[in-house]
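Those letters in the sequence shown? Residues 396 to 547, per this note's numbering, in order.
What the hints contain is simulated information worked out from the structure, not anything from laboratory work. Computed from a prediction, not measured in an experiment: that's the story for all the values here. It is possible that part of the hints are untrue.
Derived DEER-like restraints, expressed as beta-carbon distance ranges [stated by the list, open to error]:
hint, residue 1, residue 2, range
1, M530, G499, 23 to 33 Å
2, P434, E508, 17 to 27 Å
3, M396, G441, 14 to 24 Å
4, N487, L444, 22 to 32 Å
5, G421, N543, 40 to 50 Å
6, E447, M513, 34 to 44 Å
7, I440, A494, 26 to 36 Å
C-beta: ideal position from N, C-alpha, C; glycine also.
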Amino acid sequence: MSGLATVVIALFLAYSARYFDSQTVGATNRLAILGYAVPGAVIAIGILLVAEQLNSATNLILTNSLTALVLAYIVRFLAVAWQPIDSGMERNCTQLNNAAQSLGVTSLRSLFELNIPMLRNALVAGSLFVFVDTMKELPLTLILRPANFETL
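Using the sequences and the accompanying hints, generate a full structural model.
What follows is the structure, given as structure tokens:
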């Protein structure tokens, strides 16, 4: 579940960086993939602090929930999924997106009909990388896992 969410967000970030070439999008991408450089325990504590603030503000119970765990995995492993997708887009999709745009194709249609089929191997590779890294990430999982929830 976290692998799929991470790959979808990485696809959106990589596509927005290629299709909408601006400094803001580039800075957002660099900030989003920074989570891989931070230790898992630090991300877990940060997620706990944010979840506790949201708990008191909205009466949602996010601490020690599966939602917090998936969100932490997304923050931690977004760079792992983003790299193969961005490389695949750099190799295959830049000129095709420009050609599709000149023919009047919308960016959303270009994403679904042109880019995703061409990026199938990169999407699978990103999913596998996230899955393997998720299986190895013990500190984050132990801090954020729900009560009575056993992991591998």
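Out of the numbered hints, which ones does the structure contradict?
1, 2, 4, 7
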